[in-house]
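Input sequences plus hints: build the corresponding full structure.
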Amino acid sequence: MPEVAQKVSIQVRVNSKLHSREIEPRLLLVEFIREDLELTGTHVGCDTTYCGACTVLMNGAAVKSCTVFAVQADAAEITTVEGLERDGELHPIQKAFGDCYGLQCGYCTPGLMLSALQLLKDNSSPTQKEIRKAIAGNTCRCTGYQNILKAIETAAAKMRSASHGD
Amino acid sequence: MYPQSFTYHRASSLKDAAALLSQLGESAKLLAGGQSLIPLMKFRFANPAHLVDLNFVQGISYIQLKNDALHFGALARHAEIEKSPAVAKIPVLRDCAAGIADVQVRNRGTIGGSLAEADPSGDWATVLLTLSCEVRCVGVTRERSLKLSEFLKDAYTTALATDELVSEIVVKVPRENSGGAYIAFKRAAPVYPTASAAVQLSLEGDRCTEVAIALGCVGLMSIRVPEAEAALRGRQLTPKLIESAADASRAAADPQSDMRGSVDYKRQLVGALVKRATEAALQRARGQQVEVSHIYA
Chain A
1 MPEVAQKVSI
11 QVRVNSKLHS
21 REIEPRLLLV
31 EFIREDLELT
41 GTHVGCDTTY
51 CGACTVLMNG
61 AAVKSCTVFA
71 VQADAAEITT
81 VEGLERDGEL
91 HPIQKAFGDC
101 YGLQCGYCTP
111 GLMLSALQLL
121 KDNSSPTQKE
131 IRKAIAGNTC
141 RCTGYQNILK
151 AIETAAAKMR
161 SASHGD
Chain B
1 MYPQSFTYHR
11 ASSLKDAAAL
21 LSQLGESAKL
31 LAGGQSLIPL
41 MKFRFANPAH
51 LVDLNFVQGI
61 SYIQLKNDAL
71 HFGALARHAE
81 IEKSPAVAKI
91 PVLRDCAAGI
101 ADVQVRNRGT
111 IGGSLAEADP
121 SGDWATVLLT
131 LSCEVRCVGV
141 TRERSLKLSE
151 FLKDAYTTAL
161 ATDELVSEIV
171 VKVPRENSGG
181 AYIAFKRAAP
191 VYPTASAAVQ
201 LSLEGDRCTE
211 VAIALGCVGL
221 MSIRVPEAEA
231 ALRGRQLTPK
241 LIESAADASR
251 AAADPQSDMR
261 GSVDYKRQLV
271 GALVKRATEA
281 ALQRARGQQV
291 EVSHIYA
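Those sequence lines, one after another, are chains A and B.
Just so we're aligned: 137 in the numbering used here is position 137 of the first sequence, and the numbers increase by one with no gaps anywhere.
Just so we're aligned: 87 in the numbering used here is position 87 of the second sequence, and the numbers increase by one with no gaps anywhere.
Incorrect hints may have been included.
What the hints assert, rightly or not - Covered stretches of chain A (in silico footprint by chain B; criterion: 3 or more residues with CB under 8 Å from a CB of chain B, positions within the stretch not fixed): (1) 4–10; (2) 77–88.
To be verified - Simulated pairs of lysine-lysine, BS3-like, Cα-Cα distance not exceeding 30 Å: (3) A/K133 to A/K121; (4) B/K240 to A/K7; (5) B/K42 to A/K133; (6) A/K95 to A/K158.
Source of the hints: derived by calculation from the structure; they are not laboratory data.
Think of the CB as a built atom: it goes at the ideal place given N, C-alpha and C, for glycine as much as any other residue.
Next comes the structure, spelled out in structure tokens:
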């Protein structure tokens, strides 16, 4: 173990805002987001790469932020749940989770919404099977998932009609 | 959970990474996708004093078809392999990439990291042992290419020297009228399989001329099953013959009893997986498009 912990400087764009920080290399991305940037919408669930509560997008790809060091996010673009709304308007995925009762305790919800976002960016009309596969890394212990599937289908339909301008 | 403190080094090239490993010695570890290493460090099962990060090295995540072989840069991520049009040439590779853990882990995890870790529950070794696969390694002063079976030495042990790392994985495209399939049984997406089976075979007419069968998670390493292969080689594949290959696989399996299942359970399971994978491989060898996916409890 080094006697004096090394510090490294990183620049990370989180929800379009650039942050420069000096950090210890062992700092996990999820702790950087929650403790340093005080964006507490990203949750720590199992802390063992299982539950997906800490899911964020890193350069557009969903990652478990408990399993990435913050130093690896240097020069990256991160999206957390706080980055979903626009000018006070909830994102269609957020709206659909509310409208479809796609949550109960809500602890897993931010992670699920980010996984849904990655899915819908690449695939605007996913099948149920594709949705299940896309959220297989997000554990919910309340809902039984049915309303989450409904929420993602509803969000997909909303986003399709919005992109068609109707 | 925090890992023990370490000093972070950002490699600028593979050679630079090898030089850093040579200089830092046994107390250094390479960081590729990190999906196994970071959890191990958080549990403090791994406590490297130095981490050499490969993620900022440019141009080492390619997937290219060259001279009848697929070439994977060490940092090609499972998700990129899953989506690569070039990989459609060898469908069993897609079965493997698309079934590893979950979206988030596939977005980070790499084929090179997976092979270099040599976890007996990892998916890639089992699949690649049924194909003609070479692992290219780079050190400070040398480069070499090893057959995968020579590269893998034991559980969590490879032929890599302290100052050496994987640079590329080369997989030969099987000849016409060949097919392969990989099926794992899993309790949930993010966990390792309880057992898995990979089958690769070639046909001449109705006769199976070449076959390779490998089992995962039922031994200290992925294992080839020559007895099961012998049951099929040179024959026209009937359900009865496929059943005898499954029986030979059950006999060859050497599983351990753990939270995923008892020894007997895993033996039964791996036989059933060999049967299903052989049937799917046979259909693919006949030119049929077959969707193969893992089985979830």
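Structure-based check of all given hints:
Coverage of the segment 4–10 of chain A by chain B holds in this model, with 3 residues showing a Cβ closer than 8 Å to a Cβ of that chain against a need of three. Three residues within the 8 Å Cβ limit are the bar, and the segment 77–88 of chain A against chain B gives 0, so the coverage statement is violated. Straight-line distance between C-alpha atoms of A/K133 and A/K121 comes to about 15 Å, which keeps the hinted pair within the 30 Å bound. Pair hint B/K240 plus A/K7 does not hold up; C-alpha atoms about 64 Å apart against a cutoff of 30 Å.
For the given pair, B/K42 sits about 27 Å from A/K133 by alpha-carbon distance, which is consistent with the 30 Å threshold. Distance restraint check for A/K95 and A/K158: the Cα-Cα separation of roughly 10 Å lies within the 30 Å cut-off, and the hinted pair is therefore satisfied.
Violated hints for the displayed structure, listed by number in ascending order: 2, 4.
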